[in-house]
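Undergrad: Listed below are the residues making up each chain.
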Amino acid sequence: MKFMAFFSLVSALPLYGDGAVADVPAVGDVLPAFSLPTHKEDKLSWNPSGNSLREAEQTTNPDAMVLHFFQPDCNACQDQAKALEALR
Amino acid sequence: MVGVAHRGVAGAVGEFAEATGSTYPLAIGTDVDWVRTWARGDRLYIVGKDGMVAYSQYGFREQDPEVWKKVLADLRAGRAASITEATRKELQVGDVLPTIDMPELTGDKVIRLSPESGHLVYRDAKGQERSFKASVGFFSRY
Chain A
52 MKFMAFFSLV
62 SALPLYGDGA
72 VADVPAVGDV
82 LPAFSLPTHK
92 EDKLSWNPSG
102 NSLREAEQTT
112 NPDAMVLHFF
122 QPDCNACQDQ
132 AKALEALR
Chain B
33 MVGVAHRGVA
43 GAVGEFAEAT
53 GSTYPLAIGT
63 DVDWVRTWAR
73 GDRLYIVGKD
83 GMVAYSQYGF
93 REQDPEVWKK
103 VLADLRAGRA
113 ASITEATRKE
123 LQVGDVLPTI
133 DMPELTGDKV
143 IRLSPESGHL
153 VYRDAKGQER
163 SFKASVGFFS
173 RY
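Heads up: the protein sequence lines correspond to chains A and B, in order.
Residue numbering for the first sequence follows this note's numbering, starting at 52 and increasing by one per position.
Residue numbering for the second sequence follows this note's numbering, starting at 33 and increasing by one per position.
Possibly wrong hints are sitting among the right ones.
Cβ-to-Cβ under 10 Å is the rule here; a few derived chain A residues that face chain B [as the list claims (entries may be wrong)]:
hint : residue
1    : 77
2    : 81
3    : 85
4    : 94
5    : 102
6    : 104
7    : 107
8    : 110
9    : 113
10   : 116
11   : 117
12   : 121
13   : 128
In silico DSSO-like pairs for lysine-lysine, Cα to Cα no more than 27 Å straight-line [as the list claims (entries may be wrong)]:
hint : chain 1 : residue 1 : chain 2 : residue 2
14   : B       : 165       : A       : 133
15   : B       : 141       : B       : 102
16   : A       : 133       : B       : 158
17   : A       : 94        : B       : 81
18   : B       : 102       : A       : 91
19   : B       : 121       : A       : 133
Hints in this document: simulated from the structure, not taken from any laboratory.
Where a beta carbon is used, it is the ideal one built from N, C-alpha and C, also for glycine.
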């Protein structure tokens, strides 16, 4: 009897074809301006032309900004957030 | 430092902040078009003051923070990032699948998928074995 196995693994991510993640921004691309709600019911806004990051009425002009996209219930994302917090 | 949730609602992000001790801003970008594109692979970017991506990575490995420190030091010193992406080892066509031991989802026993004598062998939690001609693997973070 022939079988085909299906398995899933926890940890990696969506890769396509040659190993590259399809259609994600690359080094050199500009982070677009945005304004998003925060979990504290504030607004977080970014303006690339003025290099300004605004949250809860406070504006900063960071020399560099780490931007982490996460899923709240993802264990690896939580580990990553802890590592980022330790970096502050 | 900025976090952007690309799935979930404010309550879940609040729980995330509490669980991780995050004190930096956490925004909610669920169902936002540009976030959907930028977030693929739970990605992390380091952006310079020119607004341009200087470093990009997907996933997370323990050694990554040392890379972030180097990139941030470069940018703060006005230099180009000396590292622009994380090094990842990925399986390529022709590689042999390593033996994979995983805890079963409903108990604490281990299930195994391993290449043995030219066949993939699956051993379930009861120790029963089956051989396969092929196996389809789906990788996810859950």
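Undergrad: Hint numbers the structure violates, sorted upward?
TA: 8, 14, 15, 16, 18
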